[in-house]
Amino acid sequence: MRPEFVLAHEWIGLEVEVVESPNPCEIGIRGVVVDETMNTLRIKTEKGLKTVAKKGRTFRVKFAGKVLRVKGDLIAFRPEDRIKKGILMLKRAKGVWLW
Amino acid sequence: MLRREKRLERRIAKERIRILFEMMEKMKHEDYELARRYVELARRIAMKYRLKLPKRYKILFCKKCLYPYVEGKFRVRVRKSRVIITCLNCGFERRIPIRPKRQKYK
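Listed in order, the protein sequences are those of chains H and P.
Our numbering applies: residue 1 is where the first sequence begins, and numbers increase by one.
Our numbering applies: residue 1001 is where the second sequence begins, and numbers increase by one.
A couple of the hints might just be wrong.
[To be verified] Sample of chain H residues lacking proximity to chain P, with all beta carbon distances greater than 10 Å (derived):
hint: 1; residue: 1
hint: 2; residue: 9
hint: 3; residue: 12
hint: 4; residue: 27
hint: 5; residue: 35
hint: 6; residue: 40
hint: 7; residue: 50
hint: 8; residue: 70
hint: 9; residue: 79
hint: 10; residue: 80
[Unchecked claim] Between beta-carbon pairs, the in silico distance windows are:
hint: 11; chain 1: P; residue 1: 1090; chain 2: H; residue 2: 3; range: 38 to 44 Å
hint: 12; chain 1: H; residue 1: 20; chain 2: P; residue 2: 1084; range: 50 to 56 Å
hint: 13; chain 1: H; residue 1: 3; chain 2: P; residue 2: 1092; range: 41 to 47 Å
[Unchecked claim] Straight-line C-alpha distance at most 16 Å; calculated EDC-like pairs for lysine to aspartate or glutamate:
hint: 14; chain 1: P; residue 1: 1063; chain 2: P; residue 2: 1093
hint: 15; chain 1: H; residue 1: 84; chain 2: P; residue 2: 1005
hint: 16; chain 1: H; residue 1: 91; chain 2: H; residue 2: 4
hint: 17; chain 1: H; residue 1: 84; chain 2: P; residue 2: 1015
hint: 18; chain 1: P; residue 1: 1006; chain 2: H; residue 2: 81
hint: 19; chain 1: H; residue 1: 85; chain 2: P; residue 2: 1005
hint: 20; chain 1: P; residue 1: 1026; chain 2: H; residue 2: 80
hint: 21; chain 1: H; residue 1: 85; chain 2: P; residue 2: 1009
hint: 22; chain 1: H; residue 1: 44; chain 2: P; residue 2: 1030
hint: 23; chain 1: P; residue 1: 1014; chain 2: H; residue 2: 15
hint: 24; chain 1: P; residue 1: 1048; chain 2: H; residue 2: 46
hint: 25; chain 1: H; residue 1: 44; chain 2: H; residue 2: 15
hint: 26; chain 1: P; residue 1: 1063; chain 2: P; residue 2: 1030
hint: 27; chain 1: H; residue 1: 66; chain 2: H; residue 2: 4
The hints are simulated quantities; they were obtained by calculation from the structure and are not laboratory data.
We put the beta carbon where it would ideally sit given N, CA and C, even for glycine.
From just these sequences and the hints, can you work out the full model?
Quick look at the structure:
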């Protein structure tokens, strides 16, 4: 699995940390994603469930053996739409080869 | 106009369905609602990319209310040469016919 496909792949079950956010309280939330909607991620942390919006945030994700920084705006689609839209986004980007 | 990579989409969709059902298996004893949510997501992915859910996944949850079958919440009986699985949440009955293997008569 290539690390670019994090845009199209399943986020439920991944380890996530919020790195940047307009809301200073949200920075540093770390845990496992348990649920996902179009605009939010629900993260299970040590202090309980936290709901974090995707837009405007940056996440650090462990995926395919690598630690990646992902902008939340890139994954702000419905979870089932993200396969199609994520792959199209990768095709549109320069310097990314799908095959 | 960009063309969609349908083969790649389907490959990723299959993997995501597999992941969701594995998570559902783990989750169904801890959080029943969340397990149902995973089934819903997996089914939505399968419908959107027109994949068939494999039979081993289909028999894990109720077709009508989408709640996974957990001990004590479903009943399995054999009646009139069918396996009948009843969901005790909604009462939906699922019938799976049993067919004997065809034998060659000489």
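Comparing the hints with the structure gives:
The Cβ of residue 1 of chain H sits about 8 Å from the closest Cβ of chain P, inside the 10 Å cut-off, so the non-interface label is violated. Interface exclusion of residue 9 of chain H from chain P breaks down, the closest Cβ pair being 6 Å apart, not more than 10 Å. Remark: the non-interface label on residue 12 of chain H conflicts with the geometry, its nearest Cβ contact in chain P lying 6 Å away (cut-off 10 Å). Annotated as non-interface, residue 27 of chain H keeps its C-beta farther than 10 Å from every C-beta of chain P; the closest such distance is 26 Å.
Distance check on residue 35 of chain H: its Cβ comes as close as 6 Å (rounded) to a Cβ of chain P, failing to clear the 10 Å threshold; non-interface status is violated. Non-interface call for residue 40 of chain H relative to chain P: holds, since the shortest CB-CB distance, roughly 13 Å, exceeds 10 Å. The non-interface label for residue 50 of chain H is consistent with chain P: the shortest C-beta to C-beta separation is roughly 15 Å, beyond 10 Å. No Cβ of chain P approaches the Cβ of residue 70 of chain H within 10 Å, the least distance being about 16 Å, so the stated non-interface status holds.
Listed as outside the interface, residue 79 of chain H is inconsistent with that label: its C-beta sits roughly 6 Å from the nearest C-beta of chain P, within the 10 Å cut-off. A beta-carbon of chain P is positioned within 10 Å of the beta-carbon of residue 80 of chain H; the least distance is around 5 Å. Take residue 1090 of chain P and residue 3 of chain H: their Cβ atoms lie about 42 Å apart, and the range 38 to 44 Å holds. The hinted range of 50 to 56 Å is satisfied by residue 20 of chain H and residue 1084 of chain P, whose Cβ atoms lie roughly 54 Å apart.
Our hint of 41 to 47 Å for residue 3 of chain H and residue 1092 of chain P holds, since their Cβ atoms are close to 42 Å apart. About 9 Å separates the Cα atoms of residue 1063 of chain P and residue 1093 of chain P, which keeps this hinted pair within 16 Å; it holds. Proximity of residue 84 of chain H to residue 1005 of chain P is assessed by CA-CA distance (about 8 Å); at most 16 Å being required, the pair is judged to hold. Simply put, residue 91 of chain H and residue 4 of chain H have alpha-carbon atoms about 11 Å apart, close enough for the 16 Å limit, and the pair holds.
Restraint check for residue 84 of chain H and residue 1015 of chain P: the C-alpha separation of about 14 Å stays at or below 16 Å, so the hint holds. Annotation: proposed proximity of residue 1006 of chain P to residue 81 of chain H holds, straight-line Cα distance about 13 Å (limit 16 Å). Restraint check for residue 85 of chain H and residue 1005 of chain P: satisfied, since their Cα atoms lie roughly 11 Å apart, inside the 16 Å limit. Distance restraint check for residue 1026 of chain P and residue 80 of chain H: the Cα-Cα separation of roughly 22 Å exceeds the 16 Å cut-off, and the hinted pair is therefore not satisfied.
A distance of roughly 10 Å separates the Cα atoms of residue 85 of chain H and residue 1009 of chain P; the hinted pair therefore holds under the 16 Å criterion. For the hint pairing residue 44 of chain H with residue 1030 of chain P, the CA-to-CA distance comes to about 13 Å; that is within 16 Å, so the pair holds. Annotation: proposed proximity of residue 1014 of chain P to residue 15 of chain H is violated, straight-line Cα distance about 21 Å (limit 16 Å). Under the criterion of a C-alpha separation no larger than 16 Å, the hint pairing residue 1048 of chain P with residue 46 of chain H is inconsistent with the structure, at around 35 Å.
A distance of roughly 10 Å separates the Cα atoms of residue 44 of chain H and residue 15 of chain H; the hinted pair therefore holds under the 16 Å criterion. As the CA atoms of residue 1063 of chain P and residue 1030 of chain P are separated by approximately 21 Å, the hinted pair breaks the 16 Å bound. For the hint pairing residue 66 of chain H with residue 4 of chain H, the CA-to-CA distance comes to about 11 Å; that is within 16 Å, so the pair holds.
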